[in-house]
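Engineer: Residues per chain, in single letters:
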Amino acid sequence: MRQINTDAKTLGRIARILDGKKDMIRLSLQACAHCSLCSDSCFKFRQSGGDPTYTPSYKAINSIGRLSRTRGRLSDDEYEDVRELAWDKCVLCMRCYCPIGISIPSLIALARVACREKGVARWYTTRRNA
Amino acid sequence: MVKSEWPCRMFRSVIYQLLFFPNHKSQETTLTIQNGWILAGTIAFVLSGTAAFSQATDATSSASQEKTARTEASPAAQGASHSSRVPTWTRVHRVDDFITGDDISNGVVPADKDAPIVLFSHSAHAGAGVSCQQCHHTGVKGWEAPACAACHKGEQAVSVMHKGCITCHQEQGKGPVSCNRCHAAPQTSFAGIVRFQLYDIVRGPLFILAWILFAAGFAWRILRFRRLTRSVSGANAPLPAAAAPVADGSEAADIAFLTRGMSPMGRLVFRARRWLKRTVFASSPVMGVVSLVFHLALFLVPLLLPAHNILFSQTFRIGLPTLPEPLMDKLTLGLLAVGAFFVLRRIAYPRVRALTTVRDYLILILVTAPFITAYMAYHQWLDYRTMLVIHMIVGEIVIAAIPFTKLGHMPFLIFSRFFMSAEYSWKPGNRRW
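Chains as they are written, first to last, in the working numbering: chain A, 1 to 130; chain B, 1 to 433.
Rather than coming from a laboratory, the hints here were simulated on the basis of the structure. Yeah, the Cβ is synthetic: ideal placement off N, Cα and C, and Gly gets one too. Check before you lean on any hint, since a few could be wrong.
[To be verified] For each label pair, taking beta carbons as the anchor points, the in silico distance ranges come out as:
hint : chain 1 : residue 1 : chain 2 : residue 2 : range
1    : B       : Trp426    : A       : Val91     : 25 to 31 Å
2    : B       : Ile255    : A       : Tyr124    : 38 to 44 Å
3    : A       : Arg2      : B       : Leu268    : 53 to 59 Å
4    : B       : Arg224    : A       : Arg2      : 30 to 36 Å
5    : B       : Val290    : A       : Ala8      : 48 to 54 Å
6    : B       : Ile318    : A       : Arg2      : 51 to 57 Å
7    : B       : Val290    : A       : Ala109    : 29 to 35 Å
8    : B       : Ser231    : A       : Ala8      : 35 to 41 Å
9    : A       : Ile4      : B       : Glu423    : 37 to 43 Å
10   : B       : Leu344    : A       : Phe43     : 23 to 29 Å
11   : A       : Phe43     : B       : Leu209    : 46 to 52 Å
12   : A       : Tyr124    : B       : Arg230    : 32 to 38 Å
Pulled out of the complex, with its shape left as it was, chain A reads as follows (with noise of 0.2 Å):
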């Protein structure tokens, strides 16, 4: 059983972030082929050299996917996973190449803004961020 350390008020606006968007969220991932030709457009993949977990639909899968499919109902150490997919391994520069056309930044930005609602972001002061 996860701990879910998010009140209900957060919990709330994140869920209803993501209400708002559900359709095109289950829409997206639904047409996912899962075949990761994505990766090739991605620089962090190529100049990773090549970590999974660097593929855009990896990414998204792991974050928006994630988030979408508990309604914002993680575990503080699934949310840093989250953070790590959405803000330290993209940087949302729109480059992904979708086969089938599958707007791969669109949901990664959408992970970002549902994790901003519980503080969960990277901050470039060094009061916040380790």
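Given the structure of chain A, go ahead and fit chain B onto it with the hints provided.
Structural biologist: Same frame as chain A, now just chain B:
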């Protein structure tokens, strides 16, 4: 990697993949519509495979029993049985099966559809010393036979059939001559139900139902896209500008500028490369070509197969041009080879493995199942008729499942590539998420 090591590694990763799904710990396995379709398809495929296998063994054993019985009864008949597997009771092909839409407009009258089917025993006739040529294609030499429908048409074929059977029976003084001796009892055994009654249901109402589900699902998908996106005026203007090397020019102006002084051929190559750069062929050429071949075969083989077009013209009164069956046979093999390549790719490449779930393997099985069963039926592995029924059931499940499963990337692609305003659209439309 040590040479002998890779089979072990591959085997290990299959097991790992099937048992643990390392990257999808959080994916709850619930019975959604998607899972339901895949589950139904896989269960139907596995069950029917088992049924086919047991039936094939049944058929072989009953044929051999029949043969022994016959040999004991009349030693003279032994010479007539030229094959060890003489077909058992089969239905005389319904003559309307040969009629196409064109024939109807040319005034061919369909035969009475309500007449009870006729069951014919090859072994009984072969046992009585009747050779194949005495009944089949009399007067035409082997492969010189004209198209099926040239002779087997409606009432005409009925009279040929009646004349052929009854005349011979009267001459020989053997066999039935009255109506209800041939147009007789319905099949009651399990094998009979599968081979005749299920066949009629599967190729009739279920075929139409599959297409209705496909069309309805497709329309539903398109309507959802419309609802989820909005139309924006002038949406295309800012987008190509981002990619354009010349800030103030249109794409046509860019190309004209960049190809100045080039030969027409050079211009063409430049344009093609520029276009290809926006597709998967630039980033992953091998996978791009392999996937293109796979998808083309996936459409062309079922749509242009002669047998399918007979079914289309009977059901919907439409026909497409056809390609010869031996070519289709090779294309099917090619498609299955590519399917196997996709499976190996999922296992071998870490980046694909990280994305793969069991559902991906199941959908590959579901998509290739109609082709496997078609290949088996065409080459008459196991029992032909049972294989054909299985092929049709699995094929119909795939047709109906396209809009509701991962195969839904078909309607998705059409919408996202042709109607959306995005950098990579093939024909940028004016809609946005």
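Engineer: That 48 to 54 Å hint for B:Val290 and A:Ala8 (C-beta), does it hold up?
Structural biologist: 50 Å, holds
Engineer: A:Ile4 and B:Glu423, beta-carbon distance inside 37 to 43 Å?
Structural biologist: Hint holds: Cβ distance 38 Å, inside 37 to 43 Å.
Engineer: State, for the Cβ atoms of B:Ile318 and A:Arg2, whether the hinted interval 51 to 57 Å holds or is violated.
Structural biologist: 54 Å, holds
Engineer: Within 29 to 35 Å: is that where the Cβ-Cβ distance between B:Val290 and A:Ala109 falls?
Structural biologist: 32 Å, holds
Engineer: Please check whether B:Ile255 and A:Tyr124 have a Cβ separation lying inside 38 to 44 Å.
Structural biologist: The hinted range 38 to 44 Å holds for B:Ile255 and A:Tyr124, with Cβ atoms some 41 Å apart.
Engineer: Go ahead and decide if the range 53 to 59 Å is satisfied by the Cβ distance of A:Arg2 to B:Leu268.
Structural biologist: 57 Å, holds
Engineer: Okay, B:Ser231 versus A:Ala8 on CB: inside 35 to 41 Å?
Structural biologist: Since the Cβ atoms of B:Ser231 and A:Ala8 sit about 38 Å apart, the hinted range of 35 to 41 Å holds.
Engineer: Does the Cβ-Cβ separation between B:Arg224 and A:Arg2 fall within 30 to 36 Å?
Structural biologist: 31 Å, holds
Engineer: A range of 25 to 31 Å was offered for this pair. Does it hold for the Cβ distance of B:Trp426 and A:Val91?
Structural biologist: 26 Å, holds
Engineer: Measuring from beta carbon to beta carbon, are A:Tyr124 and B:Arg230 in 32 to 38 Å?
Structural biologist: Check passed, 34 Å falls within 32 to 38 Å.
Engineer: Is the hinted range of 23 to 29 Å satisfied by the C-beta distance from B:Leu344 to A:Phe43?
Structural biologist: 28 Å, holds
Engineer: Could you say whether the range 46 to 52 Å given as a hint is met by the Cβ separation of A:Phe43 and B:Leu209?
Structural biologist: Holds, at about 48 Å.
Hint violations for this structure: none, all hints satisfied.
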